[in-house]
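Trainee: Residue-level listing of the chains:
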Amino acid sequence: MNNNTNVKLRLNNSELWGGLIGLSLGGFVIWSGLKLKLGTINDPGSGYVLFYTGILMCVFAISIILAAITEGGPTFASRWENARWGKPVLVIVCLAAFAFALEPLGFLLSAIPLMLLLLRVIDPVRWSLAIPLSILAPLGMWWVLKHLLAIQLPSGMFEIG
Amino acid sequence: MDTLVNVAHGLGVALLPVNLLYCFIGVFIGTLVGVLPGIGPISAMSLLLPVTLSGTPESGIIMMAGIYYGSMYGGSTTSILVNIPGEAASVVTCIDGHQMAKQGRAGPALGISAFGSFIAGTFSLVALMLVAPSLASVAIAFGPAEYFSLMVLGLVVLTFLTQGSMAKALLMACIGVVLGLVGLDSITAQPRLTFGRIELIDGIGLVPVVMGLFGVAEVLLNTEQAIKRDIIKTKITQLLPSREDWKASSGPVARGTVLGFFLGILPGGGAVVASFASYALEKRLSKHPERFGHGAIEGVAGPESANNSAAGGAFIPLMTLGIPPNVVMALLLGAFVIHGLQPGPLMISQNPTLFWGIVASMYIGNLMLLVLNLPMIGMWVQLLRLPYNVLFPLIILFTIIGVYCSSNNVFDVHVMIAFGVIGYFMRKLGYEPAPLVLAFVLGPMLENNLRKSLILSQGDLMTFVERPISAICLAFALVLLVGPLLPSLRRKRELVALDEGA
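Each protein sequence line maps, in turn, to chains V and S.
Residue 121 in my numbering sits at position 121 of the first sequence, with consecutive numbering throughout.
Residue 302 in my numbering sits at position 302 of the second sequence, with consecutive numbering throughout.
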């Protein structure tokens, strides 16, 4: 890797941040283990395994951080080099919106717009295919689940579906 | 003699019309997800996990198993014709398979891949029938210390074989253990890491975690790149390999079969490791290693046989010890648990119908796959033309419905989306999800067996080294943990390290 992608002791070193996240998670797990009570080695408590797993997490995270400091690592920018990063962000936004809409609007009213958005926004599919597919796929699924497998999908406040 | 009687009994179960139908659905879906890049056996199995609830345990497990070994067949089609592996175990088939296709020999490549897979699948089933009952009778004597050490070994082997830094893989495994412990403590019934959410009392569901980390994260990664497919346009003719092809392939098929079976049994191993190991072995044994990478049929025959054989071998630790050796088997364990069954040493004696029925159905499934993958190859080629921008919204829709159906709970859909986003960033930062998922499944068992062995031994840690099987497992795990510190072993690890994704 060249100097732009493999940097030592810089804040945009992605390995360093990965290790720091691991370390903070490990710290949280240790604290949770302590809170749950460790018990004794003869009679381990609910927090016993959590506590020691947390210690292991910290050890591995520290080794990642040390490697990032001594050997360097790729920057965040290089991880997304030549990638259309906007596309996954759009998918995530669509999924988040769907997750919030699913319960109040119900499956059909939230899945149809989700499908239409995914079909049209990421790598646009022509309208003549996107519209029927975004309506028929969720509708077909809903019908199979409701009538053949007797599974009720959320119907939302409008009780559609 | 007993084995033959049991096989006949198993065939009686497997040949029931409903089980034949489930077997066909399983191998068909398996081939389909193997053929389609961007969706693998893990996503497909987690998607269909809730569907298994509608039938008997035999039918559900038969279908799930069919998806796994079916995907091993289907994966080769995409590798050979498009140069994109349909699933991880077929990565190595791209190297020589696609070159053969470019040289107008797609037919023999597909043919030897299907026949090699069939031979290997058959061998591994016979070996499964012979080995599993004997191993199960030995495993009855296993105590919590042995189980704990075996699970530790399984996790360490998987982290050793995972692509990239071992520290990252071990960190992922630890996170998996922690996530597996969310919910009520099985001994004290104390809630752990539930954050006051009633939905987390029973723990985090396996389906949303797997669908998020493998299904949604895979889609997010794929949307980053414009997937270009260079499908071989010439008509595929002469699927039967010639006499020369058979002569060149018989050795690789035999070696790949045996190697794959043993690598499949090992905890942490599996089809992906087997296919890479077989390719390396054939290249090393070849008198003309320079032909590899330029369309050598041995480079297709060996790995394809190995990955199918490993798929059969991987059932042994699950069926006899109740320990899943890889993520796919962890999902199968989930299917067993959904039906209130616990695979392990007693399953073969207490549920012979289930065990022998599954084994017999796998043989029937192999025959079905031969028909699906040779005469019907044209249909799969047509499917390859389905553009990804149409396919991925459907994958997302299936994952949402699959997760919702597994628990009838919107919370699980949220969990899946969250794990999808986490999985995407994990992959981008070089953290593989496979150790996390296996540890997530093994976590509660690991904790239970550790606590039981400490209580039984009154806190004496020597219990883990005084018992020979436990000591061997821990010693081997230690070698693998310390080994990468040595430069020579580190280089070897980098050669075999794999991406077990999708």
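Honestly, the hints are just simulated from the structure, not real lab data.
Glycine included, C-beta positions come from ideal geometry on N, C-alpha and C.
Fair warning: there could be bad hints in the mix.
What the hints assert, rightly or not - Here are the computed lysine-lysine pairs in the PhoX-like style, where the Cα-Cα straight-line distance is at most 25 Å:
(1) S:LYS452 x S:LYS428
(2) S:LYS102 x S:LYS287
(3) S:LYS428 x V:LYS37
(4) S:LYS283 x V:LYS35
(5) S:LYS287 x S:LYS247
(6) S:LYS428 x S:LYS247
(7) S:LYS428 x S:LYS283
(8) V:LYS87 x S:LYS283
As the list claims (entries may be wrong) - Just the calculated beta-carbon pair ranges, DEER-fashion:
(9) S:GLY293 x V:LEU38: 20 to 28 Å
(10) S:ILE472 x V:ILE62: 27 to 35 Å
(11) S:MET376 x V:LEU11: 28 to 36 Å
(12) S:LEU386 x V:ALA83: 18 to 26 Å
(13) V:PHE28 x S:PRO468: 33 to 41 Å
(14) S:MET376 x V:LEU34: 39 to 47 Å
(15) S:LEU346 x V:TRP80: 45 to 53 Å
(16) V:HIS147 x S:GLY104: 47 to 55 Å
(17) V:HIS147 x S:ALA471: 54 to 62 Å
(18) S:LYS102 x V:ASN82: 19 to 27 Å
(19) V:ASN82 x S:ILE187: 44 to 52 Å
Trainee: When the hints from earlier in the document are held up against this structure, which numbers fail?
Mentor: 1, 3, 4, 6, 7, 8, 9, 11 and 14
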